[in-house]
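Undergrad: Residues per chain are reported as follows:
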Amino acid sequence: MKLVVTTSPHIRSSLSLQKVMYTVILCLLPALFWGIYYFHIRALFLLITCSISTVVTEIIFKKVRKKPVSIGDGSALLTGVLLAMVLPPYLPLWMAALGGFVAISLGKEVFGGLGYNIFNPALLGRAFLMAAFPVQLTTWGIPARASWTSLDAITRATPLATTLPKFSGNGLYPLQKLLFGLHPGSMGEVFSIGLIVGGLILIALRIADFRIPLAAFLTLVILSSIFYFTGENYPSPSFHLLAGGFLLGALFMATDPVTTPYTKKGRWVFGMGMGALIVFIRLFGGYPEGVMYSILIMNAFTPLINRLTRPLPLGGKK
Amino acid sequence: MKKLSFPGGVHPAEAKLTASAPIENLPLPEKVVIPLQQHIGAPNNPTVKKGDEVFTGTLIGKGDAFVSSPVFSSVTGKVVEIGNFFHPVTGKGIAVAIERKEEEVLDPAIKPVEDPENAEKEVLLETIRAKGIVGMGGATFPTHVKLSPPPSKPIDTLIINGAECEPYLTCDDRLMIESGQEIIKGVKIIQKILNPEKTFIAIEENKPEAISSLQKLLEENMEIVVVKTKYPQGGEKQLIKAILKRDVPSGGLPLDIGIVVQNVGTCFAIYEAVYRGKPLYERVVTVTGEVNNPRNLRVRLGTPVSCLVEFCGGLKEGVNQVIFGGPMMGIAQISLDTPIIKGTSGVLALKRKEFPPEYPCIRCARCVDVCPTSILPTQLAKIVKFEKWDLLEEYHLMDCIECGCCVYVCPSNIPIVQYIKAGKDKLRRMKK
Amino acid sequence: MKSYIVFIKGLWRENPVFRQILGMCPTLAVTGYLSNGIAMGLAVVFVLVASSTVISIFRRLIPKQVRMPTFIVIIATFVVLVDYFLRANYPFLSKKLGPYVPLIVVNCIIMGRQEAFSSKNPVWLSFLDALGMGIGFTLALVILSTVREILGFGTLLGHPVLGQWFTPWVIMALPPGAFLSLGVILGINNTFQKKSTR
Amino acid sequence: MDFLLIFLAALTTQNIVFAYFLGICPYLGVSRKLDTALGMGMAVTFVMTITALFSWPIFYLILIPRNLPYLELPVFILVIASLVQFLEMYFRKAIPHLYSALGIYLPLITTNCAILGVALFMVLKKYDFIHSLFYTFSTGLGFSLALLIMAGIREDLDLAPVPKNLKGAPLALIIAGLLALAFMGFSGLVKGG
Amino acid sequence: MNYRVKMILTLLVVGAFSGGSLSFVYNKMLPKIEANLKKEIENSLLLLVPAASYKETSFQGKRVFVCRDKAGEVVGYAIIGKGGGFQGEISLLIALDKEGKKILGIDILESQETPGLGAKIDEPFFKKQFKEREAEKLEVIKGKAEKENDIEAITGATISSRAVVSIVNNYVAILKEFVEQNR
Ligand SMILES: Cc1cc2nc3c(=O)[nH]c(=O)nc-3n(C[C@H](O)[C@H](O)[C@H](O)COP(=O)(O)O)c2cc1C
Ligand SMILES: Cc1cc2nc3c(=O)[nH]c(=O)nc-3n(C[C@H](O)[C@H](O)[C@H](O)COP(=O)(O)O)c2cc1C
Ligand SMILES: Cc1cc2nc3c(=O)[nH]c(=O)nc-3n(C[C@H](O)[C@H](O)[C@H](O)COP(=O)(O)O)c2cc1C
Ligand SMILES: Cc1cc2nc3c(=O)[nH]c(=O)nc-3n(C[C@H](O)[C@H](O)[C@H](O)CO)c2cc1C
Ligand code: SF4
Ligand code: SF4
Ligand code: SF4
Ligand code: SF4
Ligand code: FES
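Protein chains in written order, with this note's numbering: chain A, 1 to 318; chain B, 319 to 750; chain C, 751 to 948; chain D, 949 to 1141; chain E, 1142 to 1324.
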């Protein structure tokens, strides 16, 4: 009989990389389905374009670098799906494809591929598009006709944009609409309930760590309450939570393990920084929405945060 | 009550298949192969030669150094060979092969200590040394060394380790249930030697029977502490953290903070050495996993593992891995001829599937969260992988206890411990 | 033959930007438009050539201990000349290049050439060396600003070159675009360099 | 409020590296390790502030009254060069501790355009003396911040299989680009300067 | 020669040479440079209020211009306004007619708005919206202008558009005050 020799430990938990990635995609589905239903077929096209673009880009890079093609792990697909979810549903498809290319090339492969990137690839793709095509990236809409296959849109401002000039209360959309996703916005961000459910499942499964979302949530609520209750005409904390990309960002993007701190303390710091930046950018910054930039900025600080919060080994001295 | 615990750790399936299987004596094998090196420390030299007749308990190897521990024949018979044989830890090593005779005779030198209750400390220590007692918790460090702390380091606390946190293993559990009295006597001997202010017997909460049976036997200045069921609760630094909330300094020993930790099996062996004069030539081994009848066996050292397996009804169809020890820290064996030694607490048969490939680390920090020594396993693995040797110490490589928690949880299947061992090798070589 | 090599090496083989990674600041700052890139390139060519020549002429007269201050003063003089020249005659360009013209003073290419070459070599060679390096620098600016102007505005020297269909990439006109395009160009350049040395 | 705005702007929207592209060569050169980045950052901050301390009075109390604005550039650069020399000598003798921390970076700073840059900006922005000091100090901190972030990232990338052709300057530039992209999030938030 | 002397001599010579040549060039170029600076504003002024002479004065710390024709008759007034835009400060020139009732036009002097986006505030289609407006509070609107005082925002640059309009509103008020006092 042949005995195989391996190093200890000889048993493993059942979690695998593939399971992690595909579970995240599954948890995104409620919000994703709603986005496609609400914005009709263009949203579906957007999803397909982004997914193909990220996956193909990754294949090309792996081939050029003569590395094994590892599309099966699902991370490139996940990046594509998330990218589609944060883009305006009526964005020209070629821009979406460019975004996917940038997300994987500049956002992931230049750093060495999966696991080594500094910035969140999906958001980096979006930030690139935002800087390249600001007009298109701030043009939002809802379907022009009831027909499901209709390609036209009526331009409508998002809830956050209706509160401009900074600031005039909660804008035009009541909270019920925000909860059920009956408002313009990015394809994947509108259906708040779906995002909350999916995100909580992700946290319950321990695939996402609760610390960053919780810290961001608390910081956002506390800071926005301070403004809401002391200033004139600032939007309410619940509006902050539901009107923009906060839920999608905090639950699915700030929890990206690769680009966030690996220490527990660091994750609290990351979440607090993110929450504070969101409030300040939204209330005082040049953009209506700050979720993307807050995450990217905190991504940049992540190596330093890791450094400063490095745990002391048991019984260790500095 | 909040269960005593330490930060980090994992909860693999307990799989204590043999928890209610009483300890049985394994029939004596035809031939034993007794490695001369069964402890940590200086090597032993053989004291017998080919052709010698030996009794059960006859000294067959010893060393001169303080940190060494003699080995004894485990059967009565004839030395047929002294040579290189399979060794469960080092792969191959010098061993004495003895062919058994029908009749068993105890070595005449075996005599109990007189009036053990009132014996001198020095006598007790010398007995422990002479009878080849080593730590049975797996480390096999010579016990008399551990029990001779330098005067500059007084011991205030003794912890008896009955945690047995490795999945599958039940030998300590059964020993506590069946031989509580003997263990308590062993503990008293250690107390006598060290004179600690406090003594704790630590048992994981998943062993209620052991807890209740020992509870009845406790003597003064002994206390049972129930610790949380979690791997590696039995690691001494973790146990100390859990019970006393004290940290063993990085790179140091429990001794440095006035603590000695001894395994329950060690206490039992001390009892036998002192009260019966018996050298360490047998031990309890859990044979478990994919064998047909998992059991707890009392086994003579040097018995090839094939005998144990056969007694337990043989391996199940498809078994392709046999491990000495538990699934988390045990060592996979190349051959079924490998002998049981002092430190072998279990024999685990597994059906291993095709190994999953190693994927890139996604920095999910699961390894960081479970690491009981709070180091950064993912960073260490990468440092070794990309050969940035100068960073190893900055990231506290040497603090790793190789418990394997990090590998257990890693979704990317990164053999972190393997990288860490390579790193430790490199560091030692660089220091030279 | 030797003078030919002294001149030609700065163009590509020892190109200050692509190969020596020097003079990054102006390279990034003024390459939003091709016209700015060319103007900056020419300004550097002038300062580099003039100061190299002057320093080479007087190289034996300048004591070692005061070499740095002397060089600095000489370079600074020529830089201010260029600055005032632009301000007087091309106010529009001058405004666009802003403080980056005076900052030519500290451009390491210029100081580096004095230290490495013209303080040790005869006038003619120093002149050629400076000219080569200056043109190499200009070349790099031209390449970078061409990419950025085309992608960022769809124009070249202000003339539309891509049709109506093209949506300009605003990012190319912004700081991130500058860093990213230079990084990508350097990466591509590395690839070719490796290929050709292999 | 004035000071706060100057401070925040120098760190973010008007960051000398991300917005003005100054000091890029040292930025690429000494951002490989956090320790050196910290040392360089402190040295630059220190020298920038001292530069303002000296060149502001020289410019406004000597050059301008005498109608010699054209000497601004040669004088500033000479001030910087000699300051650095003096500081180095002084540290070496008087504060060896500081010398070992900052000294090795001092000679490298002379030809750093960021230092001359802030001195010129200080004049362009017409700051008074106190504001100039504060502005140059903040700008130095902004430079240090950019340097530290970059060094943190590059230390991480030491443990990554980055493509060979991008190693070094190309990747550092790309990262700087991505950082500038992320820092765009501050636009409008701080309208200093 | 003593090397110290030589050092000092070298520095002196170089310094003198440098100072000399710079002073020469400076004095030669200065008029042209100053003319350029003046021309920049005058060019803008000429576009907004064609006149023969522009007299600059200061009012409430702002730069104000009184524009007269050949005959010395006042034909209009202008003011340099400043305010925060999307990226940094925007400075622009605003001209009013001689009654201080109508805006004659605006021109952007300096801005750091995003090229291709906010920088479009300097394009005619945006600036000409201000021409001939009543000097009342103007308002920015996204999409088609409907009311009297609506200014159409530049697509994707509402913030810059709003910044310009708010500067115009603020400084028109100041200039009107000036006109009141100086009539
Ligand atoms: C995770 C996430 C991050 C986002 N980040 C930004 C952002 O940084 N800036 C932005 O304008 N929109 C961002 N969006 C889209 C916004 O939430 C929102 O739809 C949009 O900002 C409203 O645009 P408008 O106000 O310019 O019309 C983000 C969406 C998500 C889901
Ligand atoms: C990860 C790990 C797990 C351990 N688990 C146990 C255990 O469950 N029981 C035990 O007695 N010793 C265990 N040990 C060994 C103890 O750390 C310690 O060496 C032992 O209790 C000392 O007693 P001994 O010298 O009598 O063996 C473990 C060690 C490590 C590193
Ligand atoms: C790279 C970039 C540059 C921008 N530049 C400007 C600008 O110069 N002026 C401006 O008003 N908004 C600018 N914006 C802001 C957005 O376009 C903002 O969402 C917009 O002003 C509000 O949208 P709207 O004009 O479609 O209502 C910029 C955004 C980006 C991403
Ligand atoms: C909880 C979780 C969240 C993730 N979020 C993102 C994300 O926001 N953007 C992204 O590109 N990838 C995300 N990923 C996938 C993966 O980490 C990503 O592809 C890597 O950043 C690429 O190296 C996520 C993965 C997990 C497990
Ligand atoms: S558990 Fe594995 S994948 Fe997760 S951080 Fe550790 S090494 Fe990386
Ligand atoms: S790094 Fe070492 S101590 Fe930490 S979990 Fe891994 S094996 Fe255990
Ligand atoms: S002098 Fe300036 S341009 Fe030249 S390398 Fe140094 S920092 Fe860069
Ligand atoms: S100044 Fe400077 S360029 Fe230069 S080394 Fe420092 S850091 Fe580098
Ligand atoms: S640092 Fe290099 S030119 Fe500025």
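Hints may be right or wrong, so weigh each one.
To be verified - No more than 20 Å apart at the CA atoms, straight line, and that leaves these computed lysine to any residue pairs for SDA-like: (1) K845(C) <-> M1170(E); (2) K506(B) <-> S470(B); (3) K1180(E) <-> Y840(C); (4) K1112(D) <-> F210(A); (5) K846(C) <-> E1264(E); (6) K1180(E) <-> Y1195(E).
What the hints assert, rightly or not - Here are some chain A residues the structure puts well away from chain C; computed CB gaps all over 12 Å: (7) I52; (8) S105; (9) V135; (10) R310.
As the list claims (entries may be wrong) - Sample of chain A residues facing chain E (criterion: CB under 10 Å; computed from the structure): (11) S14; (12) A131; (13) F133; (14) G141.
Treat the hints as calculated values from the structure; they're not laboratory data.
The structure displayed is predicted, hence computed values, not measured ones.
All residues carry an ideal CB built from backbone N, CA and C; glycine is no exception.
Undergrad: With reference to the structure, classify each hint as holding or not holding.
TA: Tested hints:
| no. | hint | in the structure |
| --- | --- | --- |
| 1 | K845(C) <-> M1170(E) | holds, 16 Å |
| 2 | K506(B) <-> S470(B) | violated, 23 Å |
| 3 | K1180(E) <-> Y840(C) | holds, 13 Å |
| 4 | K1112(D) <-> F210(A) | violated, 37 Å |
| 5 | K846(C) <-> E1264(E) | holds, 18 Å |
| 6 | K1180(E) <-> Y1195(E) | holds, 11 Å |
| 7 | I52 | holds, 21 Å |
| 8 | S105 | violated, 9 Å |
| 9 | V135 | violated, 9 Å |
| 10 | R310 | holds, 30 Å |
| 11 | S14 | violated, 49 Å |
| 12 | A131 | holds, 9 Å |
| 13 | F133 | holds, 9 Å |
| 14 | G141 | violated, 14 Å |
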